[in-house]
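There are 2 protein chains.
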Amino acid sequence: MFGEDFFLTLLDNYFVQEKKGLLVARGDDCALIEGKSFALSSDLFLEKVHFDLRYFSLEDVGYKALAVNLSDLAAAGSWPEYFCLQLIWPRKFSLEQSEELFKGMSQLASQFKLTLIGGDLSQGDTLGLAITILGSVPYRFLPRKQAKEGDLVFLVGEIGLSRVGFLALQAGISGYPRSKQAHLRPRPLVKEGLILAQKNVKSLLDVSDGVARDIFRLLPEGLGLNLFSDLRLPAEVVSFATARNLSPLHLALEGGEDYALLGVVEASQVEELLADLPYVQILGEVSKGAGIYYQGKKLELKGFDHFS
Amino acid sequence: MFGEDFFLTLLDNYFVQEKKGLLVARGDDCALIEGKSFALSSDLFLEKVHFDLRYFSLEDVGYKALAVNLSDLAAAGSWPEYFCLQLIWPRKFSLEQSEELFKGMSQLASQFKLTLIGGDLSQGDTLGLAITILGSVPYRFLPRKQAKEGDLVFLVGEIGLSRVGFLALQAGISGYPRSKQAHLRPRPLVKEGLILAQKNVKSLLDVSDGVARDIFRLLPEGLGLNLFSDLRLPAEVVSFATARNLSPLHLALEGGEDYALLGVVEASQVEELLADLPYVQILGEVSKGAGIYYQGKKLELKGFDHFS
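First to last, the sequence lines map onto chains A and B. Under this note's numbering, the first residue of the first sequence is numbered 72, with each subsequent residue one higher. Under this note's numbering, the first residue of the second sequence is numbered 72, with each subsequent residue one higher.
So here's chain A without its partners, still in its complex pose:
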């Protein structure tokens, strides 16, 4: 009883309840929302699976749990409206410490005027968050699997940084500040997703398991990616890999938790896309055969998988 009331009061402090279209806010059996259509996504964010409390602060955990869900909406061209939080709170933390978590989460929630409309709370051995997020679709829904040979594959955001951050944090290696930031506090590319929804983009997804794996979720079956030779890789990925005799390209493509946006555009549309969005990088061309090719060779790549 004490625990529940305590959390509910904290939530009221951090997460506003008002929004046009929200007919019944949290506190009843259900929330009631009005609207034409919603994009909806769910993600788990679990201690020891998705984050390590040796270097994640509770504020980082709250921030990233929501960021990961926002990234899914971004990849659909959707603007975040509502979310539900199901929280497993471990005995090892005091109730008061949950404020740190909510503080990190509310940074993103307030930035996007995102409304918490429900959820649940339970004790458990390890910290866990299950978030379901709903967004409106002001322009159009950006699907996956729309591409043909000769189309171009583009990237918004950076790949490999989060993986370098993860490896450096795990091993206690100093330096690599941008990489660590990318791992602890990924910036969800919501505004970028909305801009892309207004362009002639055929497909879009957010890279959560690395380009090496997610490219095949983006493209229809039987198609692959022929990488251009002039790729720009983040400097920290290059220096981390080089210092360890690893291939920077492999590290960037295997990546994981990049939360960059990977998309497909027709070759004829690419100039217009680049004119308006100079930060878009063209990675390569959609090619026959389910592989990633570089300078005529098929790359041997592993993906990133939390569940293996």
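Just so you know, nobody snuck in bad clues.
One copy or two, it doesn't matter: identical chains are merged, so the pair holds either way.
Each computed DSSO-like pair below joins lysine-lysine, with the alpha-carbon atoms no more than 27 angstroms apart:
hint, residue 1, residue 2
1, 373, 359
2, 91, 273
3, 90, 273
4, 90, 107
Please keep in mind that the hints were generated in silico from the structure rather than gathered at the bench.
Knowing the structure of chain A, use the given hints to seat chain B on it.
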């Protein structure tokens, strides 16, 4: 990789993806749903907190996880349409065993033509399910906190049975089949909720933490319940309590996980309600003072709380 594909294939076997208004089904970054308004609720269902695998089969777990969420919609007068499943799958089970879980869950999903539109999957030490459910509101949304002195409090379903089932299962006591069924496989009163939404019901909630606690979530602050003396209690609750020198009334009111519907109706409307819904039981009258009263005395009751 293997795990994820395996689960996705199983889900396709058990949960259909087609529904009018479902514009993009699961498998993309987000699902896309169309509709006017949605009631929405989330519940956690965790091993060692909400269920005990010594006597819950995986099929029971799948069934009850969804039943608990359906009950929230029932209490709002909402018809289930979509759900998301976030599943924490423990290493102690083989992937194949998850089929039992989905089988139990799909019994309810197919009964209500409820569509799975998304979710997430992760490994963990203990089994856990986080479900978010969305329902349409064909008549009206049934709120909480609408009541005044002299209104009547009614009950649909039975109280105390699930608690008796829980106690009997925990202690390995034989008998009490209806109680055990109520604990393992509670029937969500979705159709009853929809019927009540068409009646002059002022408030409704589903009893998850026992009437002793939930009555104060149903009523506005400062009001309580004056119980009538002719209450009908389930026979197994009476026999279980009597055999242990407990008060059957206390056991029924403290209850927990009843998933019965508790509502408020104006006294002038009660005859019409009973004429159409003979299974409704009138528990008592809304009275001044935040307590539960029986035969002129305030009862000393404890609620049921997972989180304490």
